[in-house]
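One line per chain: the protein sequences are A and B, in this order. Numbering-wise (our numbering), the first sequence opens with residue 561 and increments by one. Numbering-wise (our numbering), the second sequence opens with residue 61 and increments by one.
It should be emphasised that the hints constitute simulated quantities derived from the structure, not laboratory data. Incorrect hints may have been included.
Okay, the calculated beta carbon distance ranges per label pair [said to hold, decoys possible]: (1) A:Ser983 to B:Asn69: 38 to 48 Å; (2) A:Leu1237 to B:Glu185: 24 to 34 Å; (3) B:Glu185 to A:His651: 33 to 43 Å; (4) A:Asn1116 to B:Gly142: 51 to 61 Å; (5) A:Pro713 to B:Glu185: 25 to 35 Å; (6) A:Asp1123 to B:Gly142: 28 to 38 Å; (7) B:Arg103 to A:Asp768: 35 to 45 Å; (8) B:Asn69 to A:Thr623: 42 to 52 Å; (9) A:Gln991 to B:Glu185: 21 to 31 Å.
Facing chain A, a subset of chain B residues (Cβ under 8 Å, in silico) [what the hints assert, rightly or not]: (10) Arg81; (11) Arg103; (12) Thr134; (13) Leu145; (14) Gly199.
Keep in mind it's a predicted model, so treat the numbers as computed, not measured. Yeah, the Cβ is synthetic: ideal placement off N, Cα and C, and Gly gets one too.
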Amino acid sequence: MAEIALTSAPQRARHGSSMGQPLTRRDGPLKVTGRATFAADNVADGTLHAALCVARIARGRVTHLDVAAAEAHPGVVAVMTPDNAPALAQHPDDKPHGFIFRLDLLQDSAVRYANQPIAVVIAETLEAATEGARLLSPRYEAETPRIGLDAEPPFTPPGIGVGQPPEETHGDVEAGLAAASRRIAATYETPAQYHNAMEPHAAVASWDGDRLTLHTPSQGMSMAQGRLAGLFGIAPENIRIESPFLGGGFGSKGLISGPQILACMAARLVGRPVKLVLARAQMYGPVGHRAETRQSFRLGADDAGKLTALEHETLTASSRFDDFFEPAGGVSHTLYASPAIAVRHQAVRVDTGTPLFMRAPGEASGSVALESAIDEMALACGMDPLEFRLANYAEVEPISGKPFSSKALRECYTRGAEHFGWSARPRAPRQTRDANGLLVGWGMGTATFPALMFEAQAKAELRADGTGLIETGAHDMGQGAWTALGQIAADGLGIGLDRLTFRMGSSDLPNAGIAGGSAHTATAGGAIHAAGQAVIAQLADLATNDSASPLYGAGNAGFVARDGRLFRRDDESRSEAYSDILARAGRASLTATGKASTDPAAAKTYAMHAHGAVFAEVKVDPDLGQIRVTRLVGAFAAGRIVNPRLVTSQYYGGMIWGMSFALHEHAAMDARTGRFLNDNLGEYHVPVNADTPAMEAILVHEDDAHVNALGIKGVGEIGITGSAGAIANAVWHATGIRVREIPITLDKLLG
Amino acid sequence: MIPLRLTVNGTVREVLLEDPRVTLLDLLRERLHLTGSKKGCDRGQCGACTVLVDGRRINACLALAVSLDGASVTTIEGLADGDALHPVQAAFITHDGFQCGFCTPGQIMSAVGLITEGQAGTDPERIREGMSGNLCRCGAYAGISEAVLAAQGAGDGAAIREDAA
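I would like the entire structure built from these sequences, with the hints used as guidance.
Below is the structure:
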């Protein structure tokens, strides 16, 4: 079990409050020396290697596998196919509840998408397993796949995202449009995107009777445990998942995927530990993606530039066999005031893997389209894009009418614009060139992401030697949970980080919920805080009932816990060290648990979102159409900032994802075969270091008394929103060409 | 059986390979249990497996181990001097040049190679170009470039090492 203890004190630690300090990562020394153990780094002797054989068709069935050829290859131990795969207690297509996704676990010969696993070869070496998988030479009965948003007539799904309604309206859009003095209608398309975490999904599985140990990256160990328990018909407590470090997740490791479970089945089949690591191309299909969208807008505004109507219709695609519908319209619920708003989603079914959450699901795709449409409306009104956004500032959440729990968006606009120098922007496009003759354009976008909470638990212990322990099954996929949650833990116990042992990343620890929805710090942090408070309350009880304590009888005064001492809140000259309180009481330690989840009363009363404003500069070669982002300034308000160093990095990462969304990412598929044309990191473009612009992230102060006990919103996803639209708008401003098909590539500027 | 003699992080390793298909990366990870070098794509597109061979940075996933008989290999595990981090390692912590940490060993080895090659100097643009064979999906590029720049200027790196300790 991973823990980070006394030996890794971060730099710039100081006594008193840990929260708010820009500490370096506590897992940094492990990560820069290669000692951080990712799942595939588990190399115990006797572990066999497994390799997947995946479908080269998108629809049909497998008619033949040359199992004999694979088995004859030296080193091959077993070939797992539908003929001999271990029986499961539950069919992987069963959906006892909506938040379970259908998996392909060798139950039959059907092929539902390209790159679907159709067999697993297990061998003594990786080389033998890989070659064995190739030797299977599958033959198929192929059917013509249906691919793309025009594959079939659209339908209205029963729910989008995690069960939100597909249609939400308020006011009369047709009347609003009729009353408008300016109108625009525009349609934008966003492509399928693949998470492409640097770490491929990996699983090292071993069985001891009916007990399973699984080293695998997970953004939600408890849910994975539940899924495995159902499939294998064993108790969840007989499953131990170790996931101390994830090499990126971005949503693709939120729910355990088919290949990770195939590793468990393979280990059961051969009765030995098995390691299975996906090849990069095998991550295009069975581990989720961001679905393509076509988003159509109709906007109207009056003479003062105030919106009279906003209609946002999304067409998206789910797989033929399961339901995940990209909730792209959500942004239009949140951002701009309008007396009439209509948000609708429709979908088609295509022969691909099932889409899933990908960093800023819904908001990312919706934001690039909405922010482009808002810019087009501003232009139609003859207004500056920032002026137009301020004219339509939502003082309450537009559709629900709820007040915001906090919203420092005006300050984000102001400070972002100042740092960027926005006021010098010429209104008309194609006005500016740099010294090299490149066209220069400036654009902006509003950022937003909901402040969510899931459910989490934590355990706290204070010891007589003045040290403390916090345990919670939290996940660090790069956001910095080891550090930020450690800071919350230290403050919760009122001790310095150097006195804290912090354990996370194992399913044997209390359930910390999901690392997703930008909610993990708030949720797991909330549980840690509650556990700390509970143990401090026990300590205070001991002291106030002990006549030898300087705190005796002070029960009504309240206490401050800091630096390993309890202080009277009303008189800090009266205090006592934890160790003295515990020693006199003859207690070696005190323990308590805590939990956190959404406060239903707050959720009913308030709209809770983080906000921001992103400003972008691009340069475009007028002859070649080559686009470079040269500057990005983002100002974000997301409640309490636990660690500004790590939060800045989250914003930078999000803004780079926004750039990637606007200019780079596009999973290309051959519509005739349903196979990928670029399922690799050379041709599926993600930004490299040289693509990175000069960046600035401004952390706008925001207090929120309602969102949760610690006042924390989330920072992991919001950076994408706003950024992609800002860049799209900057490309228009540089060139005068409005590209409505994302990503914006040079061919679309030259055509 | 193919006998191989490699110097890995200063230690001579004699290996008997039964299989000529083994890449340097898989040799390091699966047979020598040096798992710091990472496999992100297995075809030279991501840089997570970058190591130094005879001082030059290469993608270990693209090199067959049998082609490297007699070579000297430095991996991320061989960079620190005991508990004292190499200046580039220390600078990555100080400048938050990583998030998930999966690409980090490759980034750091690439940075060490780049600095040794003397190609980039203190020109940030050339550092960004020189580090562009190493993908970082988390988008920690700003910190990576700052770290390389800082380590480049650090001489023996003592100042940075002290800062991150």
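Against the structure, the hints come out as follows:
1. A:Ser983 to B:Asn69: 38 to 48 Å: Cβ of A:Ser983 to Cβ of B:Asn69: about 56 Å, so the range 38 to 48 Å is violated.
2. A:Leu1237 to B:Glu185: 24 to 34 Å: Roughly 32 Å apart at Cβ, these two residues keep to the hinted range, so it holds.
3. B:Glu185 to A:His651: 33 to 43 Å: violated (56 Å)
4. A:Asn1116 to B:Gly142: 51 to 61 Å: Given range 51 to 61 Å: holds, Cβ gap about 54 Å.
5. A:Pro713 to B:Glu185: 25 to 35 Å: Violated, at about 51 Å.
6. A:Asp1123 to B:Gly142: 28 to 38 Å: Since A:Asp1123 and B:Gly142 have Cβ atoms about 32 Å apart, the given range 28 to 38 Å holds.
7. B:Arg103 to A:Asp768: 35 to 45 Å: holds (36 Å)
8. B:Asn69 to A:Thr623: 42 to 52 Å: Hint holds: Cβ distance 50 Å, inside 42 to 52 Å.
9. A:Gln991 to B:Glu185: 21 to 31 Å: Holds, at about 26 Å.
10. Arg81: With a closest approach of 4 Å, the B:Arg81 hint holds.
11. Arg103: holds (7 Å)
12. Thr134: Given a least distance of 12 Å, the restraint on B:Thr134 is violated.
13. Leu145: holds (7 Å)
14. Gly199: B:Gly199 check passes; min Cβ-Cβ to chain A is 3 Å, inside 8 Å.
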